[in-house]
Every structure is written in structure tokens, then in C-alpha cells.
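*Asks:* Assemble chain B onto chain A, guided by the hints.
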Amino acid sequence: MSQKFSFDNQDEELSPKQQIEVFHSIENDIGQSITEKSKVASWINDRLPIVATLENTLKKHPYPKNLSYWWNFGSLAGIALVLQILTGLFLAMHYVPNTKYAFDSVEHIMRDVNYGWLIRYIHAVGASMFFVALYAHIIRALFYGSYKAPREVLWWIGIIIFLLTMATAFMGYVLPWGQMSFWGATVITNLFSAIPVVGQSIVQWLWGGYSVDNPTLNRFFVLHFLMPFLIVGIVFLHLMALHTVGSNNPSGVPMKTKKDSIPFHPYFTIKDMVGFVAFFIVFGYFLFFYPNALGHPDNYIPANPLVTPPHIVPEWYFLPFYAILRAVPDKLGGVVMMFGAIILLFFIPYLDRSKIRSGAYRPTFQKFFYVFVVNFIFLGWLGKSPAEGWYIWASRIATFYYYAYFLIILPNLPKFEKILPLPSSIDEHYQQSHKHK
Amino acid sequence: MQKIFLISIFLLNIFFGVIGFNSAKANSSANDNELATSALHPKQMKWEFEGIFGRFDKASIQRGYQVYREVCSACHAMKQMSFRNLGDIGFSENEIKQIASDYLITDGPNDDGEMFERAGLPSDKFASPYANEQAARSANGGAYPPDLSLIIKARHDGANYVYSLLTGYKDAPDGFNLASGKNYNIYFEGRQISMPAPILEDNQVEYKDATFASKEQMIIDVVNFLHYSAEPEMQDRKKMGVRTMIFLFILLIILVMAKRAIWQQVK
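Those sequence lines, one after another, are chains A and B.
Under the working numbering, the first residue of the first sequence carries the number 1, and numbering increases by one thereafter.
Under the working numbering, the first residue of the second sequence carries the number 1, and numbering increases by one thereafter.
Next comes chain A alone, as it looks inside the complex:
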């Protein structure tokens, strides 16, 4: 494959299909496969090609050599998922999903089960760390245009993972059966009654009764246990989609020649390990010294359907969407805008019409992007403020900007935005950024 591509003019970008072909043409040469060196490996591989698959992923597949640490968050999210499943499994051995015993069973885990407090706190703090990794992973995609062709399906699978993780986290928070568990469940499940005609029936079907009660808790436990395994399956699809098209990179310029790429092992195995330890340091800081900083004290009060807490707030990772929900004065409107904020993400590959993939070369885009990020954080802060006074119109303005960014700004940016000159290849980008080191 000695065809030379020139991309001085961004309009001469390869088509998605061509990009995929080029990607597969620059695979690394791994020399002799393990299956040729080891009889055991070859025996297994003949019956289930798992050895070859692993070898391809680690050694054959080309990865851009200019990936930054923003590319660590995918594997961090994966580690977080594994941790949640392992700790969740052991918690489930002691937890009782019945309204009479749930709260006490969690205290039993904290006090009597050997290292139960550790398992429980890893699970609780781990959920927050999972969302830190997810949000950072999504921010990376939004900035570097990782959702653009040919990665649309990869992006969509990612949003599905995000939605499933949010559903899992929501149900998990109900399980300790504290005040916030119960009232958060009541507020959010009640939203479905906004659906016209069938809303109330749907909610009663969800509840298994006429309010959040034992049937609700029991089924939430079952679903909370089940969904992480669905997520694992979808993560496999996510990785398959990734390996079909190849990773994006900070320059947005696709891999074209072997000079642009390096194998996963040993470069990204070691770099991911650095990421894991940095992640665990942040994790450990909260886990060992401030395990309840990210939670709400009201969840240490056993659930009481007769006493409503003064402020009902979800966990921090839901706050921006909670703010959007409350910004709209109509129940159905609020629900539509809240879910809409996530459904909107599915359309980004078509809303962002810029031919330039990476935000690093789009200075006008960057300004709007940074405002978007700060606005999203601001929405989060508004989500935990009382829904009164100036907070209300601030939420409306912030919600407006959130939607305007995707529906108005992104589609129209290509008409007037300034573009910086792209590097001609990943190799060139890599040499540029390493000149100064």
C-alpha cells in the first residue's frame, strides 16, 4: 500500500469507508504468533479463537502514537465497572432487599461483616469515580470530535452505556433505604406519570403498588444486580466498534501510515497502568478519609414515607439533569427536556457539521465548548440549590445554553469559525509536540 494521501485541503478528507480500509492496512507486524510458538495456545485457539483475538488487540492493532492522557478514561471506566461488579457481588451476599431489613442489613455490613465497611465504601465511592471517568471520557469525545464519521455507532453505543449506568446508579442508591433513597425514588418514578393517558398506570406497574414500597425495592435490587452484566456486554460491542474503525487522536487526523501508529502493548498497557494508579489515588483519598463527602447525610436516616426531607437531591452526577428537569414549570415538559438533554447526544454526529474533527484546531469552537463545560458544572450546582428565587431563572438560562450549544452553535460554527492549519499526519503532530520537550 504505497498510495500517498495529501490532506492540505481539509475537503480531501478520506471517506469513512476509506479511513477504515487504511486503518486495517497499517496493522503491525507481530512476527510469529503465540499460536505458532506454544502448543497449548494453538490447541485452545483452534477451539476458541480467543488467543488470536487477544494478540491482535494487544499487538497487531495500530493505535495513534500521539494519544494524550485524555484517552485513559475509557479504560478507567472499564476498571470502575469491574470494581463495582466485584464489590457489588460481595455486598449482595449480605444485603437484604426488604424494606424491614434493608437499612439494618447495610449497617450489618458496615459493622459486623469482616471489612464490610471497606467493601461498602468502595462500592459507594466507586460509583462516583465511575461517573468521573465517564464524564471525562465523554468530554474528550466532545472536544476531539470522536463522534464524527466513521465513529457514529461507537458514539451511540457509548451513550447507551451512559444511560444504562445512570439507571443502574439510580436503582443502587435506593437500596440502602435511607430517606434520600426513598424520596429520590418517589420523585423520579413519579415523573413517568407525566406520560399522557398511560402515565399513572405505568408508574403503578413500576412501583408494584400505589407508592414506592417493598415490591419496588425488591425489583430495583434485581435490576440493579442484572444491569451491570448488560453493561459489560455492551462494553464489548463498544470495543468491537472501536477496533473496527480505530481510535481517534488529539489531532483528529486519521492514521495513514505505519509511522503514525504504535501497538497497544507495551505502550498503552504501561500508560494505562499509570492512569489506574492516579485514579486510585483520587479514589483512595475519598474512600479512606472522606467516604461520605459525595453522599447526603439524610441517607443515614431510615426511610420514612411520612416525613419529607426539606431538600430532595440526587447524587452529584445527576445534578445537571435534575436542574434541567426543575427549570421547566411543567411536569411533562421537564421530563421531556431532561431526557431530551441526553437523547440530543445521539444526534451530535449530524449536528456538528464541521469538516475539522479535532477541537484543538477550532479556536472559535473552543470558546463555546469551555462555556458549555462551565455551564454544565453550573447546572450541577443549581441542581442542588433550592428551586427558588434567582436559581430558577438561572437554571432556565443554563438549560437554554445547553440546548443552544448542540442545536444552534454546533451546526452554524462551520459558517464562520476560524480554523488553524491541520498537521498533515499524526507523525507530524507527534514530532511538533515533542520538539518542545
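Hint data in this document are derived by calculation from the structure and do not stem from the laboratory.
Remember, predicted model here, so these are calculated numbers, not experimental data.
Quick reminder that beta carbons are idealized off the backbone N, C-alpha and C, glycines included.
Check before you lean on any hint, since a few could be wrong.
Stated by the list, open to error - If you want the ones that stay clear, here's a sample from chain A, every Cβ over 12 Å from chain B, calculated:
no., residue
1, SER25
2, VAL132
3, VAL232
4, ALA404
What the hints assert, rightly or not - Just a few of them, taken from the derived set where beta-carbon distance is under 10 Å, the chain A residues facing chain B:
no., residue
5, GLU107
6, LEU287
7, HIS296
*Replies:* Below, chain B alone, put in the same frame as chain A:
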């Protein structure tokens, strides 16, 4: 480009700082207005258990248990605590057996099918003053004295809050509309709390060690005990934490060096 990001983060920080300042204003003269009903920000005390090297002051916690037992347990349950837990704070096995056996625990049914009362054992949970929430409310004018096992974690800034609350009883100012059966407390939201001041005078409890049982001392001790009850794993957790963080920092340095060495090969 990064400048705008940094400026926005900077402004956000100023913003949150202003908000923090505004909530600290809860303690300013605006709230010293006699007829204010919002609670004052809790007094910020120094506790032995705070920080990454936090430890249990076992002597204080033992005295605190005595305060709980002689003053608070008349109305407040601590269902999550078992008598055997007292071993963690320094009581001997015999002392625990003695303490437990002072209580009558309902057990059963026996072979005749009847419930019966027996002396407490170390394996039993702390006895509750009331059979259930309704009995508790009925005996306290409709108010429910909350279970104290987790109270320190169940309130924002729990230890400082409980300390402030117990020291926050004052005479209601003139013109303040205090409902009947309520008590004026400057740290309680609304300033009207159903609980009467539990610690009224020095030496209300006779301490077994030489410590002078001032009101202040009893309140500090009971908060230390309540903190232990809410977080019995605290000391182990923080010890494990310091060791783990040191390990992780060293590991990080080693891995970064390894990463750089390996990436040298990338041209």
C-alpha cells in the same frame, strides 16, 4: 483558549466563595437579630478523630458512653450498637457482661410458646427505651427522639452540629414566639426544638476516672462516643488509608518512570 477555561474556573471559584461567605453570614450580625429563626452555623471544634491521622480518644468515648447511658438512653435508642462493641473502646469482657446483664431483654418464644424476659448478654443490641416509634412519640408529646447510632453521619457537619446543639440552649429572647412544649436552641433550624436541654449542670454524671465532669466535658465526651458509634471502623480505615496512599504514591512514581523509559522508543 485554555485561558478562557481557566478564567471561567477562576470565576466559578469566586462564585462559590461568595456563596460560602453568604452562608457563613448566617453567623453575622444579620442573624443575631433576636427574632431570627434560622439556625446558626455550628461551632467548629477540634476533634481527636479528625484528619487523616484521626484516632479514637478511648477514655473520652468510655466517659461518653456513661453520659449516654445515664442521660440520653432515657429517651434515645441506639439500635445499631451491641454490648460487645464496647470492647473496642476499652471495656473488659467482664465489664461488658456486667453492663449487659443490667438490662432486661425480651426473648422467646420459649417451648411453651411464650415471650419471656432475661438478663442481657454481650451479643444483644443496646436496649431501647421504647418498644416502637409510636410509643416514643406518645411519651414525648408527639416528637420522636431519633436513634443516635448514626446521628453524627446523619447530620451535616455532624460532630460540630451535635456539640453545638447540646450547648446551644438559651433563654428565648423577648418577643420570640416559643410554642408550648418547645425549647429555644440557636443551632436548631427554626430555633424551636422539642428536646429539653439534657446537660444542665456540672457533675450531672459522676465520672469513674479523675476527669472533672463539666458540662462542656460531658458534651465533648458524648459526641466522641456518638462518633464512635456512627463510625466504629474510623481508626482502621484511616490507618489503612495512610499506608495505601503512601504505597500508591510510590507506585505512581515507579510507573511513571517505567512509562517514560518504554516510550523513549517511540520516534
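*Asks:* Does each hint fit the structure? Answer for all of them.
*Replies:* Results of checking the hints against the structure:
| no. | hint | in the structure |
| --- | --- | --- |
| 1 | SER25 | holds, 21 Å |
| 2 | VAL132 | holds, 16 Å |
| 3 | VAL232 | holds, 26 Å |
| 4 | ALA404 | holds, 17 Å |
| 5 | GLU107 | holds, 5 Å |
| 6 | LEU287 | holds, 7 Å |
| 7 | HIS296 | holds, 9 Å |
Of the numbered hints stated above, none is contradicted by the structure.
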